[in-house]
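Visitor: Chain order of the listed sequences is E and G.
Letter 91 of the first sequence, counting from 1, is numbered 91 in full-length UniProt numbering, and no numbers are missing.
Letter 101 of the second sequence, counting from 1, is numbered 101 in full-length UniProt numbering, and no numbers are missing.
Simulated from the structure, these hints should not be mistaken for lab results.
All values derive from a computational prediction rather than experimental measurement.
All clues given are correct.
Copies of one chain are not kept apart here, so a pair can be met inside one copy or by any two copies together.
Capping the alpha-carbon separation at 20 Å, the derived lysine to aspartate or glutamate pairs in DMTMM-like fashion look like this:
no.: 1; residue 1: 207; residue 2: 295
no.: 2; residue 1: 332; residue 2: 347
no.: 3; residue 1: 106; residue 2: 78
no.: 4; residue 1: 188; residue 2: 206
no.: 5; residue 1: 26; residue 2: 14
no.: 6; residue 1: 278; residue 2: 107
2 protein chains.
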Amino acid sequence: MSLPTRFDWVLLQEFCANVFKKAGLKKQNAELVADSLIQADLRGVDSHGVVRTSIYLKRIEEGMINPAADIEVEKESDSTALVNGNNQIGSVVGVNALKVALKKAKENGVALVGVKNSNHFGTGAYYLLKAIEQNMILLVMSNASQTMPPTGGVRPFLGTNPLAVGVPAGDAVPYILDMATSLVARGKIIVASQKGEEIPLGWAIDKDGNPTTNAEAALEGSVLPVGGPKGYAISMFIDILSGVLTGAGFGKYVNNMYENWEQPQNVGHFFIAIDINKFIPIELFKQRMDQYISEIKAEPKAPNVDEILIPGEIEHRRVIYKKANGIELPSKVVKELQEIAQKYGLDLSQAIFNQKNKEVTK
Amino acid sequence: MSLPTRFDWVLLQEFCANVFKKAGLKKQNAELVADSLIQADLRGVDSHGVVRTSIYLKRIEEGMINPAADIEVEKESDSTALVNGNNQIGSVVGVNALKVALKKAKENGVALVGVKNSNHFGTGAYYLLKAIEQNMILLVMSNASQTMPPTGGVRPFLGTNPLAVGVPAGDAVPYILDMATSLVARGKIIVASQKGEEIPLGWAIDKDGNPTTNAEAALEGSVLPVGGPKGYAISMFIDILSGVLTGAGFGKYVNNMYENWEQPQNVGHFFIAIDINKFIPIELFKQRMDQYISEIKAEPKAPNVDEILIPGEIEHRRVIYKKANGIELPSKVVKELQEIAQKYGLDLSQAIFNQKNKEVTK
Numbered sequence: 001m002s003l004p005t006r007f008d009w010v011l012l013q014e015f016c017a018n019v020f021k022k023a024g025l026k027k028q029n030a031e032l033v034a035d036s037l038i039q040a041d042l043r044g045v046d047s048h049g050v051v052r053t054s055i056y057l058k059r060i061e062e063g064m065i066n067p068a069a070d071i072e073v074e075k076e077s078d079s080t081a082l083v084n085g086n087n088q089i090g091s092v093v094g095v096n097a098l099k100v101a102l103k104k105a106k107e108n109g110v111a112l113v114g115v116k117n118s119n120h121f122g123t124g125a126y127y128l129l130k131a132i133e134q135n136m137i138l139l140v141m142s143n144a145s146q147t148m149p150p151t152g153g154v155r156p157f158l159g160t161n162p163l164a165v166g167v168p169a170g171d172a173v174p175y176i177l178d179m180a181t182s183l184v185a186r187g188k189i190i191v192a193s194q195k196g197e198e199i200p201l202g203w204a205i206d207k208d209g210n211p212t213t214n215a216e217a218a219l220e221g222s223v224l225p226v227g228g229p230k231g232y233a234i235s236m237f238i239d240i241l242s243g244v245l246t247g248a249g250f251g252k253y254v255n256n257m258y259e260n261w262e263q264p265q266n267v268g269h270f271f272i273a274i275d276i277n278k279f280i281p282i283e284l285f286k287q288r289m290d291q292y293i294s295e296i297k298a299e300p301k302a303p304n305v306d307e308i309l310i311p312g313e314i315e316h317r318r319v320i321y322k323k324a325n326g327i328e329l330p331s332k333v334v335k336e337l338q339e340i341a342q343k344y345g346l347d348l349s350q351a352i353f354n355q356k357n358k359e360v361t362k
Numbered sequence: 001m002s003l004p005t006r007f008d009w010v011l012l013q014e015f016c017a018n019v020f021k022k023a024g025l026k027k028q029n030a031e032l033v034a035d036s037l038i039q040a041d042l043r044g045v046d047s048h049g050v051v052r053t054s055i056y057l058k059r060i061e062e063g064m065i066n067p068a069a070d071i072e073v074e075k076e077s078d079s080t081a082l083v084n085g086n087n088q089i090g091s092v093v094g095v096n097a098l099k100v101a102l103k104k105a106k107e108n109g110v111a112l113v114g115v116k117n118s119n120h121f122g123t124g125a126y127y128l129l130k131a132i133e134q135n136m137i138l139l140v141m142s143n144a145s146q147t148m149p150p151t152g153g154v155r156p157f158l159g160t161n162p163l164a165v166g167v168p169a170g171d172a173v174p175y176i177l178d179m180a181t182s183l184v185a186r187g188k189i190i191v192a193s194q195k196g197e198e199i200p201l202g203w204a205i206d207k208d209g210n211p212t213t214n215a216e217a218a219l220e221g222s223v224l225p226v227g228g229p230k231g232y233a234i235s236m237f238i239d240i241l242s243g244v245l246t247g248a249g250f251g252k253y254v255n256n257m258y259e260n261w262e263q264p265q266n267v268g269h270f271f272i273a274i275d276i277n278k279f280i281p282i283e284l285f286k287q288r289m290d291q292y293i294s295e296i297k298a299e300p301k302a303p304n305v306d307e308i309l310i311p312g313e314i315e316h317r318r319v320i321y322k323k324a325n326g327i328e329l330p331s332k333v334v335k336e337l338q339e340i341a342q343k344y345g346l347d348l349s350q351a352i353f354n355q356k357n358k359e360v361t362k
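Bound conformation, chain E alone:
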């Protein structure tokens, strides 16, 4: 029997936490991974939400992730640290590295934390929000397995290495940038292919390196970096900081989560945390941010534009909406979660969204 597809965010998070406990994670880490996935769904970044549960579990089962690993600080100074993720789930590694960064930044004004031996760490925004809560500016980068060619290349060499930056504001919604360094997500090309539609020139190249508008040919080829050589260069320095500098994989040595079942991913991350008070007082900074944001939003709008948005503003609204109205999941994902529930003797149906649940979680 197939379940409804709308879920209460609190109860779905509890369900996911229970799943990861059954899979061998400590309670605290299981809850952290579940929180990370649900935050992505709430923000509408569905590709990084509970849809990832099955692949994370599969990599644990196949010995590609170590759910019992402890995260170690391998080398440190007052304002820097090199963290060894010891092949734990990426979001557990990421949050532990972030804690080190925020503590050092509080004590010394700034912290740079490099991370090696990690895995896919979810959305960058997840870490940004935690830093913003503590009045910190945070930059987060991660490398990823190969999907984009260098400018002039034919086949994937670089990942769509994400860049994320979070900045607190006063009354305004905080600034949250969380972007891949590709022009568009590969997912958009998959959708075009399924619909039999063409894609705009510039999104992708075919397997021989020719620009293509054919979605099928694009999927056999590579997605392209945002802004051509600019995106290539940005993706590359993210790989340098996350991979070359930390001792993690870089370029072709970051293994594909879906395809490589011989070795851990060896993803690298890089965190830069900034204590605002070291420059100007936090209250003054927040006033200036509010002024800046309100001035941008008050700019005259182009034809057919209703509102000028700040990075992260749409996602902020989605969170409010989905907390009140439930998280809608594709039926394929619900089916996967049902199978997982069955395997571990858990009950997914308890997390279905209804008015009663809604009141429970108020």
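Place chain G on chain E using the hints.
Guide: Leaving out everything else, chain G in the frame of chain E:
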């Protein structure tokens, strides 16, 4: 009588240094500004080369730049500093801020230096090369006066705020990214307009916010950020770090160097310097960089591509070529420099490139 247009880089730099001494800069600062301009010309970034001499002089003459100002560290901790440029020429401010950053990074592993009350600081690459000489990774950002609308906006609000990142390598050419956050430089649109050519859709919008292929209409409108909302967001966080966080101008409060003759520019910059040894030993890092770069360059090439290039590689070659063969300047720029020479009783003709000069400067 009009002069030839090819100049010896060393002699032209001496000429420029003499010009800035005459304009009221201390010897050391005059030489620094000249060095910064010539480096840009050598790298082929002509828009930031000696062409800027006349506007810098004009702003000094009009009291918009203070050529006698000292740069002050207003606030500092072990790994952070807030620098007040006191409205000195931007490259003098920038180099002084960089010195603070490199010293702190050497002592404490990392340094974040914010700068306020500065002016146009030349190319980011100029600072990167100095950091690379000292085996440091450097990130440099600066805000700039308004040229790009936010996504959905109609008129300029953000600058094409540059992002620059430099990374040392071993035998390979170092990685040097120095990019504006616009899709293309406004200069390309000026050229299209002069030739009566159309520009590709996506480069710019007209003054009402409509996408345009008409170069004239584009010049009355705005250039667009690279990658749409991604470039908008990157430009914005550069403005936040350089301007909102430092107390410099931000958004509309960064004054236009060419148009505003009432107030200093109040440009802000932000430097992040990283001591590689705090993560992995510098020699190992350089080996990894060389491997990374050689693997990228060995990738299969797209049709009609001769070589896969690393960010900064073309500019590196140009420097070698122009040091040997002279710097070619537009006749308009030569004329401006001649007028400046006349005014200050200097002799530009001594800097003309010829075989004899070439041997002198070997």
